[in-house]
Amino acid sequence: MEEKIIRTQGIYAEFPRKGPSAAPSATHYCPGCGHGIIHKLIAEALADYGLQDRAVVISPVGCAVFAYYYFDAGNIQVAHGRAPAVATGVSRAQDCVVVSYQGDGDLASIGLNETLQAANRGEKIAVFFVNNTVYGMTGGQMAPTTLIGEKTVTCPDGRDPLTQGYPTHMCELISTLKAPVFVERVAVSDIKNIRNARRVIRKAIEIQKEGKGYAFVEILSPCPTNLGKSSVANNEWINTEMVKEFPLGNYRDNTATAEPIVRAKSDFTTESLEKLFDIANIPATIEHKDPNFKESQVKISGFGGQGVLSLGTMLTQAAQAAGKQVTWYPSYGPEQRGGTSNCSVIISEDRIGSPVVYHPDLLVAMNRPSLEKFQNDVKPGGTIMYDAIIGDVKLPEGVRGVAVPAQELAIQAGNPKGANTIMFGVILGLGLTGLPDTAFQSALAASFAKKPKLIPMNLEVLAFAQKWVKENVK
Amino acid sequence: MATTLLKGNKAVVIGALYAGSDCYFGYPITPASEVLHEASSLYPKLGRKFLQAESEEASINMCYGAAAAGHRVFTASSGPGISLMQEGISYMAGAELPAVIVDIMRAGPGLGNIGPEQGDYNQVVKGGGHGNYKPIVLAPNSVQEMCDFTMLAFELAFKWRTPTYVLADGVLGQMIEPFTFPEKAITPVIDNKKAVAGTAETRENLVTSIFLNFDQLGKFNDYLQEKYAKIAAEESRVEMQNCDDADVVLVAYGISSRIAKTAMDLARKEGLKVGLFRPITLNPFPVEQAKKLAKHDKMTFISVEMSNGQMADDLRLAIECAKPVKLVNRLGGNLIELDQVMDAIRKAAK
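Residue numbers (the numbering used here), protein chains in the order written: chain A, 1 to 474; chain B, 1 to 350.
No lab work stands behind these hints, which were simulated from the structure alone. Ideal placement from N, C-alpha and C gives every residue a C-beta, glycine not left out. Each hint should be verified, as a subset may be incorrect.
[Unchecked claim] Keeping only pairs whose Cα atoms sit at most 30 angstroms apart, straight-line, the calculated DSSO-like set for lysine-lysine is:
{"#": "1", "chain 1": "B", "residue 1": "Lys45", "chain 2": "A", "residue 2": "Lys178"}
{"#": "2", "chain 1": "B", "residue 1": "Lys194", "chain 2": "A", "residue 2": "Lys40"}
{"#": "3", "chain 1": "A", "residue 1": "Lys265", "chain 2": "B", "residue 2": "Lys45"}
{"#": "4", "chain 1": "B", "residue 1": "Lys159", "chain 2": "B", "residue 2": "Lys194"}
{"#": "5", "chain 1": "A", "residue 1": "Lys379", "chain 2": "B", "residue 2": "Lys273"}
{"#": "6", "chain 1": "A", "residue 1": "Lys265", "chain 2": "B", "residue 2": "Lys273"}
{"#": "7", "chain 1": "A", "residue 1": "Lys474", "chain 2": "A", "residue 2": "Lys379"}
[Said to hold, decoys possible] Chain A regions said to be covered by chain B (calculated; three or more residues, Cβ under 8 angstroms):
{"#": "8", "region": "315 to 328"}
{"#": "9", "region": "351 to 363"}
[Stated by the list, open to error] Per the computed footprint, the stretches of chain A lying under chain B, defined by three or more beta-carbons under 8 angstroms from a beta-carbon of chain B, are:
{"#": "10", "region": "50 to 57"}
{"#": "11", "region": "82 to 96"}
{"#": "12", "region": "254 to 268"}
Hey, can you work out the whole structure from these sequences and the hints?
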């Protein structure tokens, strides 16, 4: 009679990735271990649904670190606990079927955050969680799922909830989240349970085939080596003790209503990028060389919300419009919320060194704290422009002070919201930056580009401020 | 040539998009957050994938996954976040996965503050995670280079299949300068020999960094070291100014190199023979170029850095301590002041 060998589909016939010296068709798992059964059920499901060419199987850290020896599909081996994050990366990048295979320490301890977050996002992945209540690969330490009273090498007197907490219930935890499509706990402790596990594992794979989202299957599984039991005793223990703590059954099944998740297709064309950045409407670079142009270092400071940063960017735009080298550098972070904020602008003919201004030629101070903080840093012969509202000031010697009643002038110019433009116009009027009128005008136009109706009004304010300087500042 | 005003943190995202990156995974941290903000707005507009991860560990592992699937992945963070990513970056180096990571350095150690510093030099340039690996590290010093070097980083990361950093700081991230857009975007192709992409062509492939057999891992490590030696021979880049006749050379990268440049110009006006040696690649460090300068009869190197001599150490190693290496630095979030550098130059030139 001819001998017939029925091979498991989806698993390699031999396992050369184990290395040259090992028995080519034996697994690395211990006798009585549940991983072999679970591998077989997953692999068969992938094969039966015709998914091996679409599947990526993720091997965790733990005894299943070598899952890639066996699964005849694309394989990725990852860091301890990070399989759900890696699975997320694969699944977002590529339209494929992603299987994340993890043990209890990996999934429920070091990787708990990644586990819950991936579940909560409803990632398109099937997570197979092998719960055998113990760390296997590292030598039998306590796991998050170790039962109360169960002895391991790190709880030799049995797990005591007062010092080591209680077993973690992953199906229950995950089913509190909205996004998961399917959550079920099964066991591979006897034939009946294995048949049921097969059905449930296939369902999780089917959900992936249809692209419907997150499926989580917890599998109670024996580890006779680390539990110090015979294979038979270990399985009996699962059926009598473990299921009391971890009841078998379905915790979520939205497969009937879940819709396939479709990810966008990446667009790499230059045309699309140019459209996105509106490159056609960016004016060409102007180069205007002037060997006599004098570098200006400007510091602008005031309360957050006083337009300090935007006055700086307007000045930057003016310099850019005049074809000069320019840098703008803000104070950033918590400093800009609540307290004072400032920015540095440097305008130069040549490549600019440090963009941070420590000793300004021009200080624009919008409030008293700013004035007091920076006035002594101003270069001898420099200028301090400050808001006249600050009142009496005592400026350092050798520095010119210009008090600008910005708010009042803005009202006089017919634009009460134009105090910032007044300041901008005074900088122009004082001729401190060496930039032409046209540069200031086009900077105004650029900064109001989104509200073009306001441009003529602000140009008037700019001219008003220039005139005010001429008539009032010596 | 379209030139506009742009923030450094946006320029890196533009570089990544033109370089064909279609996956961004990141986590907020000042002063790198604008990279995340810009990516969240720009990637989806092109059908590319953006996800705010739950942590830096998760974001780098998402990068690991998408890179394993053959895609051009991109992330950014700052010191504390980079510390958290080190595990994943070590795994990427071990699995030979390309990725581009931007570090917008802030001041440390610990929570430190959000001001600019260059204290991540060692953790970035030396590898930072466990094991014998070294990433490629590029150091821009302008908004333009924030974009250009990000594009170059993708090229090198894929050429050598290794994680590659763009190492910048809070100033370069936050500042605005004139910026010229790249002219042509890259359309990436999945490498079917390496990727695990869930396709028939890549079904046989495996991405892993585990070698249970000591001899096998030894061989793999030897191979990695050979690769790093080739990178050192072929990819080191440096910008040198006024070095030919110099007897004082300022060595600086990133924002410090701009302060050093101003100091050099000033010193030259005073008649001092000062040059600037600006490593563009910190790994590989431009060793040969530094060695040549060390052969000048009279030469003092001044390492200008916002860290505690981390780069000065590499410089001393590069020149095999043949000439004195002085240190000018400032820590804690403030930039080095011009006067500090000038004082050191004048002292060295005496």
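Going down the list of hints, with the structure as the test:
1. B:Lys45 - A:Lys178: Distance ~27 angstroms between lysine 45 (chain B) and lysine 178 (chain A) Cα, so the pair holds.
2. B:Lys194 - A:Lys40: Answer holds: lysine 194 (chain B) to lysine 40 (chain A) is near 26 angstroms, not above 30 angstroms.
3. A:Lys265 - B:Lys45: holds (11 angstroms)
4. B:Lys159 - B:Lys194: Roughly 13 angstroms separates the two Cα atoms, so the pair holds.
5. A:Lys379 - B:Lys273: holds (28 angstroms)
6. A:Lys265 - B:Lys273: violated (56 angstroms)
7. A:Lys474 - A:Lys379: Given that 30 angstroms is the threshold and the Cα spacing comes to 20 angstroms, the pair holds.
8. 315 to 328: holds (count 7)
9. 351 to 363: holds (count 7)
10. 50 to 57: With 5 residues closer than 8 angstroms to chain B, the region 50 to 57 of chain A meets the three-residue bar; holds.
11. 82 to 96: holds (count 13)
12. 254 to 268: holds (count 6)
In this structure, only the earlier hint numbered 6 is contradicted, and the remaining ones agree with it.
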